[in-house]
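Taken in order, these protein sequences are the chains called X and P.
In terms of full-length UniProt numbering, the first sequence has 282 at position 282, counting the first letter as 1, and numbering is strictly consecutive.
In terms of full-length UniProt numbering, the second sequence has 309 at position 309, counting the first letter as 1, and numbering is strictly consecutive.
These are calculated hints, taken from the structure and not from any lab test.
Be aware that one or more of the hints could be misleading.
Identical chains share a label here; the pair holds if one copy fits it or two copies do between them.
[Claimed, not checked] In the EDC-like style, the derived pairs of lysine to aspartate or glutamate whose C-alpha atoms are separated by at most 20 Å in a straight line are:
1) Lys281 <-> Glu116
2) Lys293 <-> Asp191
3) Lys281 <-> Asp187
4) Lys12 <-> Glu126
There are 2 protein chains.
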Amino acid sequence: MNQADSSTIVVKRTIAATVDELFDAWLDPDSLAQWMHPGTTALSTASVDARVGGAFEVLMHYPDKPLRHHGVYRQIERNRKLSFTWISDATQHSETLVTVEFNVASAGTEIVLTHERLPGQVACAEHTQGWTLAFELLADLAAKPLVLVTFDWVPEMPRGFVRDIRVRWALEEAGLPYRVQSVPFSDRNADHFSHQPFGQVPWLTDGDLSIFETGAILLHLGERSEALLPAGPRGRAETLEWLFAALNSVEMASLPWSLLQFSGNNDGTPGWNMMDSFLKKSRLAHLEPLLAKREWLAGPFSIADIVMADVLRLVDRFDGLADYPACRAYVARATARPAFLKAHADQMAHFAAAD
Amino acid sequence: MNQADSSTIVVKRTIAATVDELFDAWLDPDSLAQWMHPGTTALSTASVDARVGGAFEVLMHYPDKPLRHHGVYRQIERNRKLSFTWISDATQHSETLVTVEFNVASAGTEIVLTHERLPGQVACAEHTQGWTLAFELLADLAAKPLVLVTFDWVPEMPRGFVRDIRVRWALEEAGLPYRVQSVPFSDRNADHFSHQPFGQVPWLTDGDLSIFETGAILLHLGERSEALLPAGPRGRAETLEWLFAALNSVEMASLPWSLLQFSGNNDGTPGWNMMDSFLKKSRLAHLEPLLAKREWLAGPFSIADIVMADVLRLVDRFDGLADYPACRAYVARATARPAFLKAHADQMAHFAAAD
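Could you build all of it, start to finish, from the sequences and the hints given here?
In structure tokens:
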């Protein structure tokens with residue numbers, strides 16, 4: 001390795017995090033997508049097959065077109081060393097080699113990245129800049145106290161509707177930095193139940209607080225951002241009553257209805273008819289005239305809208321809003337928000353990465 | 001009127017409230033029961049037929065036996081004058097006459113009460129003391145900013161389970177003063193829907209704030225009392241996650257289940273079986289081991305327990321806790337609390353008074 005060599009660069013950075021955390025940040029696709037991108041606006045999606053010989057891909061979503069980076073893992077020595085090939089437009093599609101070493105340091109962990117076989121000095125300069133920026137983002141990510149925990153994978157059907165989307169959406173609306181961590185879908189252990197007593201997801205950790213129930217998480221985030229929950233007593237009260245209304249009046253009717261729909265038990269029995277009427281006559285019929293007259297439930301867009309729109313879009317999925325055009329239009333305008341689109345794309349990519 | 005007369009007394013009191021509010025406090029049976037009683041422990045129940053010639057009854061519940069006061073309205077001039085006959089043990093069952101005049105005063109409203117035809121000086125002294133104390137309670141009541149609004153009447157079946165009980169319970173636990181106001185069960189008008197968009201009860205007014213959804217009301221009250229919601233960040237987070245869990249994880253399963261039970265649609269159809277399993281396998285089975293190990297959900301008793309216990313006792317009513325003894329024991333210890341017993345008795349008395 002010779003830094004004067006016109007085909008090799010070395011980039012070093014010490015980050016205040018454990019070796020464990022930083023090593024995972026390279027191999028967990030969610031983490032990788034969150035720091036390996038070219039800036040704060042363009043985002044990445046990533047897939048990882050974390051074994052020697054396994055492939056990875058990072059798509060950096062530039063405004064004009066995505067830039068594809070891909071390669072194959074050559075060495076994986078947990079918490080010590082990682083090496084992989086690296087091919088992109090910027091390498092002129094030639095195969096280059098990246099080696100990352102992790103050294104325990106007094107201020108955390110030193111990362112030493114060596115990028116070899118780059119095609120010339122311009123490529124060397126570009127990649128030095130690129131890795132330096134990426135490490136800046138990785139350091140930011142490691143400093144983030146908010147961690148959203150969700151399943152590593154779910155079947156096709158619930159994708160896009162797993163409840164972590166409500167938390168992702170709120171975090172994106174508020175611009176709060178966060179990381180995503182996975183727990184196994186198919187093997188929920190005691191640690192999982194200690195965070196979420198019903199074995200569900202998501203939960204959120206904020207420093208040493210661990211909070212389950214999306215309603216409680218959104219309220220917690222709301223206390224941190226006026227983009228989610230107004231600070232004045234009237235705005236706060238109105239937002240909270242609608243948050244509870246979405247969860248305990250509307251979803252209490254819509255979720256059983258959706259379960260019966262999903263399982264094919266929407267069968268004209270008296271029980272089904274009762275649940276159908278509970279949702280439509282007792283809930284949507286009252287919501288419809290309100291949503292025809294207001295853009296959002298409680299003045300400005302808030303956590304109440306995140307929950308209500310997410311509740312209603314599941315009803316819409318089973319065509320339950322056909323007779324409620326104002327409810328449907330409300331769902332459309334809520335889900336057109338950039339924060340929702342980002343949250344939705346992230347959830348889809350997260351589960352797809354584990355297929 | 002002659003104060004020296006041995007059969008007539010006059011009691012005056014100026015109270016910081018509008019004439020409107022104070023006039024209503026005499027003719028609304030809920031209000032009447034809350035101030036026309038002999039002290040802070042013994043309570044009253046009241047019925048009122050608020051028209052000239054209509055009868056009223058106030059039962060003051062002394063520890064040994066209720067004391068009955070009754071009479072008939074002779075004059076009702078709204079916001080000016082009220083007169084009625086008054087018969088009780090203390091009048092030696094002879095018919096006496098009470099006239100109440102309402103005068104606008106700079107500090108609120110002056111009430112001038114004249115009680116005629118009392119049987120002698122002892123009765124005069126007793127009634128002077130009685131009315132003076134009652135006016136003290138009326139002044140307290142008028143100063144209370146918290147008003148719980150519920151139905152004037154409901155059918156037999158839901159009594160004891162109407163959701164205002166959660167709010168009554170919280171108010172009693174916290175010792176917060178409040179009044180109860182009624183809205184018609186059978187004729188829900190636009191004003192009702194402006195406070196509660198689904199036409200349900202309860203709602204709470206706190207000064208000029210009006211809040212619906214029991215979850216939002218309990219959270220609002222929790223901010224006022226550590227007996228309901230711990231102030232520290234960890235205690236607060238744990239209480240709130242369990243509040244939402246009770247409303248959005250457990251009740252979302254239990255309420256549809258109860259509706260199907262109540263309507264006789266617990267019929268072994270696949271739809272019923274799914275909802276039964278949703279409640280028992282996905283919820284109660286996870287709650288059972290937790291409640292076997294802890295007295296309350298989140299450390300000290302809190303609003304989370306008020307909701308969870310109320311949710312579970314409806315399941316218990318349909319014998320759904322038979323296989324979950326820890327859940328059942330939890331309901332038993334929560335509903336043995338004096339604040340629950342008071343809230344429950346008040347709700348039963350409130351609806352019974354309108355039969």
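Right, here's what the structure says about each hint:
Taking the shortest Cα distances, lysine 281 and glutamate 116 never come within 20 Å of each other, neither inside one copy (67 Å) nor across copies (56 Å). With identical chains, the CA atoms of lysine 293 and aspartate 191 are at most 20 Å apart between copies only, with a shortest distance of 17 Å across copies and 46 Å within one. Taking the shortest alpha-carbon separations for lysine 281 and aspartate 187, only the inter-copy value of 17 Å comes in at or below 20 Å, while the best intra-copy value is 40 Å. Proximity of lysine 12 to glutamate 126 under the C-alpha cut-off of 20 Å is restricted to the intra-copy arrangement: shortest distance 16 Å within a copy versus 90 Å between copies.
The structure is inconsistent with hint 1 alone, although it conforms to all the rest.
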